[in-house]
Amino acid sequence: MEYFNNHKKLFFTVFAFFFILTVLIAIIPALRNQEINTPLPGSQPLSGDALKGKAIYIANGCVACHTQQVRNVDMDKMWGQRPSIAADYSTIKRTDIWRNTATLMGTERTGPDLTNIGTRQPSIDWQLLHLYQPRSVVKESIMPAYQWMFEYKETPGPKDKVVNVPAEFMRGKKGKIVAKPEALQLVAYLMSLKQVKLPDGTPPPEFIYKKKLANTAGTQGASAGVELDGASLYTANCQACHQENGEGLPGAFPPLKGSKVVLDDNPELMINIIMNGYNARQSEGFGPMPPIGTTNNLSAEEISAILNHEKTSWGNNARKVTPDEVKKLMDAVKK
Amino acid sequence: MSSNTHGRITLLLFLSTLLPVITHAQDKSRFFTDPGGAGLGGLLLVLLFFLAIVVGTVHLVLKTSALKRLIRKDKAESSEENVEKFVAKLDNKEIDKYLKITRMREQKGDNKTGTVLPSLLLMLFGSILSYPVFAQAAPSRTSLFSQGGIIITLVLILTPILAGVILMIIRVRKVARKIKIKREIRESEKIARYLKTLSPEKVEEVLKKRKDALNYSLPENELSGNLEPEDEKGIIRNIDEKANIRFIEEKRKAIQRPQIDPGLSKLVIWYLVSATIWLLWGTSVGEYAGIKFVAPDADHVSWLSFGRLRPVHTNAVFWGWSSLAMLGLAYYVIPRVSNVKLYSMKWGWWSLWLINTAVFLGSISLMAGINNAGGEYREYIWPIQSLFAIAVVLTLVNFIKTIARRATHEIYVSNWYIIAALIFVLIITLVAYLPFWQDGLGETISQGYYMHQGVGMWFMMLTLGLVYYYLPQQLNKPIYSYSLGILAFWTQILFYTLIGSHHFIFSPIPWAIQTVAIVASLGMAIPVIAGTTNFLMTFKGSWHNLSGSYTLPFMLVGTIFYFTGSMQGSAEAFRTTNLYWHFTDFTTAHSHLTMYGIIAFFLWGFIYAIVPRLTRKEPPQVSVGIHFWLAFLGLMIYTIPLMIGGTMRGIMWMDGKPFIDSVTAMAPYWLWRAIGGTLMWISHLVFAYNMYKMIRPARVVNINEEPLGMEDDGELKLVEI
Chain A
15 MEYFNNHKKL
25 FFTVFAFFFI
35 LTVLIAIIPA
45 LRNQEINTPL
55 PGSQPLSGDA
65 LKGKAIYIAN
75 GCVACHTQQV
85 RNVDMDKMWG
95 QRPSIAADYS
105 TIKRTDIWRN
115 TATLMGTERT
125 GPDLTNIGTR
135 QPSIDWQLLH
145 LYQPRSVVKE
155 SIMPAYQWMF
165 EYKETPGPKD
175 KVVNVPAEFM
185 RGKKGKIVAK
195 PEALQLVAYL
205 MSLKQVKLPD
215 GTPPPEFIYK
225 KKLANTAGTQ
235 GASAGVELDG
245 ASLYTANCQA
255 CHQENGEGLP
265 GAFPPLKGSK
275 VVLDDNPELM
285 INIIMNGYNA
295 RQSEGFGPMP
305 PIGTTNNLSA
315 EEISAILNHE
325 KTSWGNNARK
335 VTPDEVKKLM
345 DAVKK
Chain Z
844 MSSNTHGRIT
854 LLLFLSTLLP
864 VITHAQDKSR
874 FFTDPGGAGL
884 GGLLLVLLFF
894 LAIVVGTVHL
904 VLKTSALKRL
914 IRKDKAESSE
924 ENVEKFVAKL
934 DNKEIDKYLK
944 ITRMREQKGD
954 NKTGTVLPSL
964 LLMLFGSILS
974 YPVFAQAAPS
984 RTSLFSQGGI
994 IITLVLILTP
1004 ILAGVILMII
1014 RVRKVARKIK
1024 IKREIRESEK
1034 IARYLKTLSP
1044 EKVEEVLKKR
1054 KDALNYSLPE
1064 NELSGNLEPE
1074 DEKGIIRNID
1084 EKANIRFIEE
1094 KRKAIQRPQI
1104 DPGLSKLVIW
1114 YLVSATIWLL
1124 WGTSVGEYAG
1134 IKFVAPDADH
1144 VSWLSFGRLR
1154 PVHTNAVFWG
1164 WSSLAMLGLA
1174 YYVIPRVSNV
1184 KLYSMKWGWW
1194 SLWLINTAVF
1204 LGSISLMAGI
1214 NNAGGEYREY
1224 IWPIQSLFAI
1234 AVVLTLVNFI
1244 KTIARRATHE
1254 IYVSNWYIIA
1264 ALIFVLIITL
1274 VAYLPFWQDG
1284 LGETISQGYY
1294 MHQGVGMWFM
1304 MLTLGLVYYY
1314 LPQQLNKPIY
1324 SYSLGILAFW
1334 TQILFYTLIG
1344 SHHFIFSPIP
1354 WAIQTVAIVA
1364 SLGMAIPVIA
1374 GTTNFLMTFK
1384 GSWHNLSGSY
1394 TLPFMLVGTI
1404 FYFTGSMQGS
1414 AEAFRTTNLY
1424 WHFTDFTTAH
1434 SHLTMYGIIA
1444 FFLWGFIYAI
1454 VPRLTRKEPP
1464 QVSVGIHFWL
1474 AFLGLMIYTI
1484 PLMIGGTMRG
1494 IMWMDGKPFI
1504 DSVTAMAPYW
1514 LWRAIGGTLM
1524 WISHLVFAYN
1534 MYKMIRPARV
1544 VNINEEPLGM
1554 EDDGELKLVE
1564 I
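Protein sequence lines correspond, in order, to chains A and Z. Each number in this note's numbering comes from the position in the first sequence (counting from 1) with 14 added on. Each number in this note's numbering comes from the position in the second sequence (counting from 1) with 843 added on.
Misleading hints may appear alongside valid ones.
Simulated coverage check for chain Z against chain A, where a stretch passes if three residues somewhere in it have a Cβ under 8 Å from a Cβ of chain A [to be verified]:
id: 1; region: 1142 to 1149
id: 2; region: 1264 to 1273
id: 3; region: 1495 to 1509
Pairs of lysine-lysine residues, derived as BS3-like cross-links and limited to a Cα-Cα distance of at most 30 Å, are as follows [stated by the list, open to error]:
id: 4; chain 1: Z; residue 1: K1076; chain 2: Z; residue 2: K1094
id: 5; chain 1: Z; residue 1: K1096; chain 2: Z; residue 2: K1536
id: 6; chain 1: Z; residue 1: K1244; chain 2: A; residue 2: K22
id: 7; chain 1: Z; residue 1: K1033; chain 2: Z; residue 2: K911
id: 8; chain 1: A; residue 1: K271; chain 2: Z; residue 2: K1500
id: 9; chain 1: Z; residue 1: K1189; chain 2: Z; residue 2: K1244
id: 10; chain 1: Z; residue 1: K911; chain 2: Z; residue 2: K1184
id: 11; chain 1: A; residue 1: K190; chain 2: A; residue 2: K167
id: 12; chain 1: A; residue 1: K211; chain 2: A; residue 2: K224
id: 13; chain 1: A; residue 1: K91; chain 2: A; residue 2: K341
id: 14; chain 1: A; residue 1: K224; chain 2: Z; residue 2: K1500
id: 15; chain 1: A; residue 1: K187; chain 2: A; residue 2: K274
id: 16; chain 1: A; residue 1: K348; chain 2: Z; residue 2: K1500
id: 17; chain 1: Z; residue 1: K911; chain 2: Z; residue 2: K1054
id: 18; chain 1: A; residue 1: K23; chain 2: Z; residue 2: K1244
id: 19; chain 1: A; residue 1: K342; chain 2: Z; residue 2: K1184
id: 20; chain 1: Z; residue 1: K1189; chain 2: A; residue 2: K211
id: 21; chain 1: Z; residue 1: K1500; chain 2: Z; residue 2: K1094
id: 22; chain 1: Z; residue 1: K1536; chain 2: A; residue 2: K22
id: 23; chain 1: Z; residue 1: K1021; chain 2: Z; residue 2: K1033
id: 24; chain 1: A; residue 1: K66; chain 2: A; residue 2: K107
id: 25; chain 1: A; residue 1: K107; chain 2: A; residue 2: K91
id: 26; chain 1: Z; residue 1: K1184; chain 2: Z; residue 2: K1320
id: 27; chain 1: Z; residue 1: K1189; chain 2: A; residue 2: K23
id: 28; chain 1: Z; residue 1: K1383; chain 2: Z; residue 2: K1017
id: 29; chain 1: A; residue 1: K224; chain 2: A; residue 2: K341
id: 30; chain 1: A; residue 1: K66; chain 2: A; residue 2: K224
id: 31; chain 1: Z; residue 1: K1033; chain 2: Z; residue 2: K916
id: 32; chain 1: A; residue 1: K341; chain 2: Z; residue 2: K1500
id: 33; chain 1: Z; residue 1: K1096; chain 2: A; residue 2: K23
id: 34; chain 1: Z; residue 1: K911; chain 2: Z; residue 2: K1094
id: 35; chain 1: A; residue 1: K153; chain 2: Z; residue 2: K1500
id: 36; chain 1: Z; residue 1: K1109; chain 2: A; residue 2: K334
Hints are computed from structural coordinates only; laboratory data are not their basis. Here the structure is a predicted model, which means the values were calculated and not measured. Glycine included, each C-beta is placed from N, C-alpha and C at the ideal position.
Isolated chain Z (complex conformation) (with noise of 0.2 Å):
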């Protein structure tokens, strides 16, 4: 019955995403009807990967139709008839194995649980995955797909999609199986059952056989002889007995690390608690901003405006999550990779504090109504950004100082990225708030700059850094090329630093920087591919790690996202992808593609990575695994509808339809938003409970430890907090 019922609402998420699309598919059609031709090889890669997407989908419906039929035959099926077929053309040495293993069944007891749901829920999955997919249908018979910006974006928007496809056929693969093994038992307990109602000769013919059989038996140390065993090279690990529930495979463990300086620990885990704190305050705000946008009379407090809510949310997520958990991992990374202690643990406590106070105030004085001027990213005053400002000075100096004593010749890339990110984060807050250059257009020039390095050479800088430290070290070996890295490096800053004004084309300011900042926007595509190639090539061959880890996971997706959230927002800039982009929705959703997809779950991959290091309390698998779903499929549901929505829209102004319409237009867009921020906002519940697994205060007594801990001189203590 069950079946029944998720069947159907499977099938009324494919109808309500589809409606919206359809009807406004027309009014596109109307406005582009003449035929394109230039885009034709374009137009035929979009198709392919929509074909990939398309057959994968088909596989995962058949093959969980299949199983679901199979579930249903096997409890419809109670005729002896079969059974009796079945025996018929078996000999003794088969009924023998099949009575071994019906006896095996009822020692252990019954297995029964745990395969109709998972099918389900899989094939739920498939489908939520596969409503983009139908819902890009409807556009490619147009020629506004004729637009070079368009095919890549839509080549991109595919792309993680076919990923999650792929990804989700292995897990069918698997659970079919499973259910293939289960069925076979029960078979052949059928057998068992009727050989009962067999005549008794019959039954002794066959017991005599058998008994001859189990007569005969080995002595059982034919391999290992009679000596004890012994592990003398301690190669035996992570050998768990009590394993998860059955269809969820059991991850990797977190390897233990000596030598971790306990006050730093303290130090990395503090930052990641306050980071936790404030992306649950940033998404609750962002998450409630959003559903104003469905719900526009929730409530008629000034606080708690629209107008003053974005912001808060905006720069809670930038400066308080991002940029404090990016920074509690740099204070692991920087002197681990330097191989000395770090300089000075007070100013590492100093910035924490700094940056938490900024935030704090910040957020009140943006709901009190207090803007610096509606600038993006720089709405909080002088004196409270100043504090972050401060903040970023005693950590840069603090990193270089402890690089400048390290105990390597070669300084590692990772070093090269966070320092530079730091640099730059100062340089670009000068930019931003210095009143010299600010009058008139100065300060749209000073804005685009500012709002587009803040998200890459502060945000993108710093991850990439980590990334090179994370990502070898959970793979446990070297990156692809360090050259690469290096070759990333630098043309991330020529052209990343070009691009800024590719917010405001079509603006009043020069025509000359806007083209620029086209072109530089193209060019980012070297360090972006150098990039992906770089972590992509890194997988390759330890690709079966990616199944038994609960970090890599987060990493390839940021991995992807990388690449195509980064060559997305090189498409957003071309003149006539702007033309219909800009202003829109559209480029929310490419800001939550990388600030969440590529910014947010790299961190998650790294929090995860090392935490249980430094804490030795590893987070419930499972609740992990929750965790990745939901933030993975929320963000897809969130971005996907508000890209289409987005293109509606621009589609319809330029249409020179009446603007309320518009909005009309776009409201079942904005609700598919908001369910998808919902599940978002769900995981990073789902998150801080985990983060409170990794650190909770409640001592676990180690029964090794303990003796150890107390003959030791102090500095191998579990952290506590």
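Extracted from the complex, chain A is given alone in its bound form (with noise of 0.2 Å):
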């Protein structure tokens, strides 16, 4: 065609085609998008010290393994209470004049998904000795030691924050390892990275493609006899901190090994410090134990399940519970 012959027509026509399927596709609805979503009542800017940790997140490529959104697909609910949604995002602006708008939403999945890990892991100190050496208290896992962001005291001073690192990841050293501002700033970007409740009334949107019904019905069966998993359940919601030899790392988690919490006849101890999280223990050292129930959506027949298995392994022998035991108890627990 002898259109296509006269370059100035050619070009123009690819340029103008290109142009406007990308002013539908994309431009169109990305103005659509910061427009019409607004923040959630119940969401915060950040500031401060997280600010400076979402930088410190950026510029170390966490986006490469750590995705920040739960798909509402249902293997995603073990990341979040719902789905996220486009309000979740919307506070999010440019970083600064250098910097583009950071959602950090990822497309790799290679390490957990953060969207809501300061509900999920409350910890400062599992955050700061995991990212000292993340093999320390996850044994399996491949992720980088961070340890760049720490420095090595012999006396640490009274404002220092100090890691509490297994001896056999110290290299024989007898000091400290003390965190720099650097580690405590990401750490306190993670706790920040909570899912905000909507508003009342407004129910999230449903996790889809849920597991297929034969599955269900098998395990609603099997409350007759068999029980679920525990061992598997435990390394999903426990193992980080306790262990997978439950006895915990000495100056950071306590042991459940020969607990006597565990061991009590009586559970409603045990499932009071799942739902609602535990403090007593700071004096000797440990820290604070979140709601864990809670904030993982454990049913009775999975709390039930854990505690079999704590009360089970390592050596405990205790008596075993039941899933209804367990629901009544954490009615009973509730706040």
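Since each chain sits alone in its own frame, please combine them into the complex, following the hints.
This is the structure in structure tokens:
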């Protein structure tokens, strides 16, 4: 065609075609979405240490392995109470004149999702130790160790934040590892990552692609006989702190092996701790325990499976509990 | 003895790959227990492909083991009985023939080396090729395979493997034929030796007859007559008396092209040299980042931590290697098909320096922790990326001005693609970096658009433009269909532009945009099939050129991956397949299959096609072959385990398994990735060596050309670097 033998006409057509499609598929939707979505009532923009921590998160490319989006599919419900919605991201604006907006949604989940990490793992001690050497708390982890955010001191000062690194990761040194401001800021940012509750009366969007009905029926029928897999529930919810061998980490997380609370015939205190958190042992150097049962939406069946795993492993030998018993106590301790 | 060792290594390779697959196959069948009838046809298709590969592999294994047996038997055989039996059947004429051969062999010397080793190497290759085949066997029993997207992907994975097996069969058959001939020659030697032990009368009788026969000789000029031979028309060329190692076929030499502007040659070569340096840098970083999956405590230096190295790797291979190589090759194509000189050489050099500066500063700043915002491929902050943008503007204007002065009436389709790519990359860079629509979800929508248009409208578009020039050039015939090229051009723009959001399926961006992206991903079948058909039909009728060329195999592999890689992208966009594969290493495998399998392979083919024409120095053919096979096998070993592992991981997540278990389960696949990545990385070292051989500054004095050069007015000089 003669039209296409004219380079001006040809290349202008090409430009116009692509430009119009771009406006339709990218620019208009982007403009419209930033306009119609407003922050949720309970949300707060980042400030102070958390804001500085976010800059560190960006600088170190954490987004390469950690997503910050709970998709509305069933497999993602372990990462948050509800799927992420557009409003969750609407507080995020341009970082500064040099750097673009950072929603940090991510496209790879080599490590866990962090949308709700401030709720899921609220222990600052754990976060610091994990940053210093991830393998000291999660043996199988492949996360980089961010040791340049920490320094070694023979005798830490009174204001220093000391990290209780297990001896095997101290390379024979006798002093203490102290968190630098970067580490504290990064952890402050992680602590700020919490899903905001939807305003009263708004039902959250549903998780779709639920597991097939046949499976659910199987587990319901199982309450009569077979239990859920307590060991794997323990791995998913408790092991990061209390460790696979149930011995915890000295100076940071108390052991469950031989613990009075675990071995007690009456599971009330144990369920209370799981549902409401616990900070009675801080004088011994142990960090506060988060209300993991509430934040992770654990059911009575799941909690009883975890309890029974803890009560009968690592040499523990206590009375098993039933889901019905747990259900009653869960209602009783509910705040 | 060495054959045994090789066999053991092969076996080890088999077992170590099968192990993790078998363990996880059980996990899988537990979850997917419902029988699916829907995908029966697709399943049959997969099985058909699988069967073809199994048959091919079995054929290979049988053939190689037969060869092995043959060689062993040859060594063991020493009894004279066989010879005796054999000789008893012969008449004198045949004995003469054997004696003649024997004598010839004695004169020529021994030629024994180079048969055992190649056949064993081939066998090893064959076994490596066959391992992914077996890896696939376990899953195909479950009904996960009733999913359309998964069946498509499986077929796509199996296609290049099948192609590899076929190539290998052709090679092995050649070797087998050669071994057979050698064996016959050796047998004749034995007979000759046996003849010496016979009684004198018998020998005399034989010799008498033989003498008679030998006494007769032809004048040897029955056909040629008595005139001196002369090639008046200059038809005979490519005469090479010094051949390569026997089992590697001598490839065709590059044809010298007269009338290349020496300034342009220099510019093109410097683009390609810069690209090669960035390839080495970028993949060294990638290799180290890959090793960190296996050894996370390799170092604790902030500049070398994984999160910082990953964008250094991706951006260096994107903007450094691929972009510079594409532009360098385009600087050759645009003036060539327009039949004029380049508008401005100076702007070309400016572009080169600007891009090099951008990638250099970008790499340093990312390692120092200066990152735009973590959006993939826009990690360079705007002051750095704008250097790249200015370079693109300079190149675009330069090219359009060149085309405006063209001596041809039509604008060749290559130029459509190249100019379009340059226009598009400017638009997408502006969309990605302008701040007006980047708040909240706006960032995600423009990110989805940007990261996919970067791949599809810049790398793919420009490379396709180059294919339309270099493929026909290397096959020495026009492209099969100009119209198909135009159809692919417009449909590529239409569909590719719309699919960006398929990177954010199930995210909070509007469901409607996600659906448009999924539908358009399917629409991509049109340009991809049109393009692949066009390239393969151009190959058709010239397949014999393939074995005699060191550039065409790269282009064929690029074409195959263009089809399989692109269609895999469409299959991944389905909502169901997204459940398994999104966020896993499957996407890493996919991006390597495309950016490496398509773009890098095509670029290598093109580079090997023109650099020898510009410098008149050929790369060593053996090391080009090593480059090809290491890169191809490395890519397969890299991607296939990651695809299997990624699928397993997605299934574990859907199954609600503890997250850390899915990390542990990936360990063997990450190890395979590191192994495949190492092979790829080594192939780049070989490629850099070849580049060096093609452009090395040492001056080769060509006695035929020197006197001409002295009389020359300077326009046809060799390129000095």
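Comparing the hints with the structure gives:
Beta-carbon proximity to chain A at under 8 Å applies to 5 residues in the region 1142 to 1149 of chain Z; the threshold of 3 is reached and the given coverage holds. Counting residues of the region 1264 to 1273 of chain Z whose C-beta lies closer than 8 Å to any C-beta of chain A gives 4; at least three are required, and the coverage claim holds. Here the region 1495 to 1509 of chain Z counts 10 residues with a CB under 8 Å from a CB of chain A, which clears the bar of 3, and the coverage holds. Under the criterion of a C-alpha separation no larger than 30 Å, the hint pairing K1076(Z) with K1094(Z) is consistent with the structure, at around 24 Å.
Taking the CA atoms of K1096(Z) and K1536(Z), the gap is near 15 Å; set against the 30 Å cutoff, the hint holds. Between the alpha carbons of K1244(Z) and K22(A) the distance comes to roughly 11 Å, so the proposed pair stays at or under 30 Å and holds. The hinted pair formed by K1033(Z) and K911(Z) meets the criterion: a straight-line CA distance of about 21 Å does not exceed 30 Å. Using a Cα cut-off of 30 Å, the hinted pair K271(A) and K1500(Z) holds, with the two alpha carbons roughly 24 Å apart.
Simply put, K1189(Z) and K1244(Z) have alpha-carbon atoms about 14 Å apart, close enough for the 30 Å limit, and the pair holds. For the proposed pair K911(Z) and K1184(Z), the alpha carbon gap of about 58 Å is over 30 Å, so the pair is violated. Taken as a hint, the K190(A) and K167(A) pair is honoured in the structure, with Cα atoms around 5 Å apart against an allowance of 30 Å. Taking the CA atoms of K211(A) and K224(A), the gap is near 23 Å; set against the 30 Å cutoff, the hint holds.
Restraint check for K91(A) and K341(A): the C-alpha separation of about 22 Å stays at or below 30 Å, so the hint holds. At roughly 15 Å between alpha-carbon atoms, K224(A) and K1500(Z) fall within 30 Å of each other, so this suggested pair holds. Proposed proximity of K187(A) and K274(A) is contradicted: the alpha carbons are some 34 Å apart, above 30 Å. Using a Cα cut-off of 30 Å, the hinted pair K348(A) and K1500(Z) holds, with the two alpha carbons roughly 28 Å apart.
Proximity of K911(Z) to K1054(Z) is assessed by CA-CA distance (about 40 Å); at most 30 Å being required, the pair is judged violated. Annotation: proposed proximity of K23(A) to K1244(Z) holds, straight-line Cα distance about 14 Å (limit 30 Å). With a CA separation close to 87 Å, the supplied pair K342(A) and K1184(Z) exceeds the 30 Å bound. Distance restraint check for K1189(Z) and K211(A): the Cα-Cα separation of roughly 60 Å exceeds the 30 Å cut-off, and the hinted pair is therefore not satisfied.
Only pairs whose Cα atoms come within 30 Å are accepted, and K1500(Z) paired with K1094(Z) is rejected, the gap being roughly 54 Å. Straight-line distance between C-alpha atoms of K1536(Z) and K22(A) comes to about 42 Å, which puts the hinted pair past the 30 Å bound. In summary, the hint linking K1021(Z) to K1033(Z) is supported, as the alpha carbons are separated by about 19 Å, within the 30 Å threshold. In summary, the hint linking K66(A) to K107(A) is supported, as the alpha carbons are separated by about 15 Å, within the 30 Å threshold.
Restraint check: the Cα-Cα separation between K107(A) and K91(A) comes to about 27 Å, which is no more than 30 Å; the hinted pair holds. At most 30 Å may separate the alpha-carbon atoms for a hinted pair to count; K1184(Z) and K1320(Z) meet this at roughly 24 Å. Taking the CA atoms of K1189(Z) and K23(A), the gap is near 27 Å; set against the 30 Å cutoff, the hint holds. Taking the CA atoms of K1383(Z) and K1017(Z), the gap is about 22 Å. The hint holds against a cut of 30 Å.
Distance check on the hinted pair: K224(A) and K341(A) sit about 24 Å apart at the alpha-carbon level, within 30 Å; holds. Pair hint K66(A) plus K224(A) does not hold up; C-alpha atoms about 39 Å apart against a cutoff of 30 Å. Between K1033(Z) and K916(Z), the direct Cα distance comes to roughly 14 Å. Compliance with the 30 Å bound is thereby established for this hinted pair. About 24 Å separates the Cα atoms of K341(A) and K1500(Z), which keeps this hinted pair within 30 Å; it holds.
A threshold of 30 Å between alpha carbons decides the hint, and for K1096(Z) with K23(A) the separation of about 41 Å lies outside it, so the pair is violated. Between K911(Z) and K1094(Z) the alpha-carbon distance is near 28 Å, which keeps this suggested pair within the 30 Å criterion. Distance check on the hinted pair: K153(A) and K1500(Z) sit about 17 Å apart at the alpha-carbon level, within 30 Å; holds. Distance restraint check for K1109(Z) and K334(A): the Cα-Cα separation of roughly 80 Å exceeds the 30 Å cut-off, and the hinted pair is therefore not satisfied.
Checked against the numbered hints above, the structure breaks hints 10, 15, 17, 19, 20, 21, 22, 30, 33, 36 and satisfies the rest.
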